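Work out the full structure: start from the sequences and follow the hints.
Number 20 in the numbering used here belongs to position 20 of the sequence shown; there are no gaps in the numbering.
Each hint should be verified, as a subset may be incorrect.
To be verified - Pairs of lysine-lysine, DSS-like flavour, derived with a Cα cap of 27 Å: (1) Lys108 - Lys29; (2) Lys69 - Lys29; (3) Lys108 - Lys69; (4) Lys69 - Lys36.
Stated by the list, open to error - Restraint-style ranges between C-beta atoms, simulated for each label pair: (5) Asn56 - Gly85: 34 to 40 Å; (6) Leu21 - Ala54: 30 to 36 Å; (7) Glu98 - Leu21: 17 to 23 Å; (8) Ser52 - Gly85: 36 to 42 Å; (9) Lys108 - Arg22: 18 to 24 Å; (10) His91 - Glu4: 21 to 27 Å; (11) Leu21 - Asp53: 21 to 27 Å.
Hints in this document: simulated from the structure, not taken from any laboratory.
The structure displayed is predicted, hence computed values, not measured ones.
Cβ atoms here follow ideal geometry from the backbone N, Cα and C, with glycine treated the same way.
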Amino acid sequence: MGSENVYIRARKVVQEVAPLLRVVRRQDKALADQLKRAAQSVVLNIAEARGSDAGNARARFSTACGSAKEVRAALHIASDWGYIGSETATHLDRRLDEVCAITWCLAKR
Numbered sequence: 001m002g003s004e005n006v007y008i009r010a011r012k013v014v015q016e017v018a019p020l021l022r023v024v025r026r027q028d029k030a031l032a033d034q035l036k037r038a039a040q041s042v043v044l045n046i047a048e049a050r051g052s053d054a055g056n057a058r059a060r061f062s063t064a065c066g067s068a069k070e071v072r073a074a075l076h077i078a079s080d081w082g083y084i085g086s087e088t089a090t091h092l093d094r095r096l097d098e099v100c101a102i103t104w105c106l107a108k109r
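In structure tokens, the structure reads:
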């Protein structure tokens with residue numbers, strides 16, 4: 001799987017997270033802001049990696065994976081606090097795990 005594939009996957013996750021931001025924001029503005037920044041960071045770092053030299057690409061893919069983990073944690077917190085359903089958090093957790101796995105592999109090339 002290449003960087004184009006992971007970019008598309010990451011964008012799809014962001015599209016699923018976007019409506020949740022409104023729900024989370026009503027309860028916890030700080031968590032919603034952190035979730036939004038982290039989700040954006042995943043996609044933006046993948047995009048930057050795609051146009052970079054090998055060394056910078058590895059760093060950007062690694063950062064994207066770290067941001068994906070941050071999104072996962074924010075979704076877990078939102079679920080734990082009852083802002084979103086656990087099924088939603090679990091579904092997105094799986095999707096983000098795929099994104100992180102691919103970016104991790106790309107960072108190791």
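Could you tell me which of the numbered hints above are not met by this structure, giving the numbers in increasing order? Numbers 1, 9, 11 - these are the hints that the structure violates, sorted from lowest upward.
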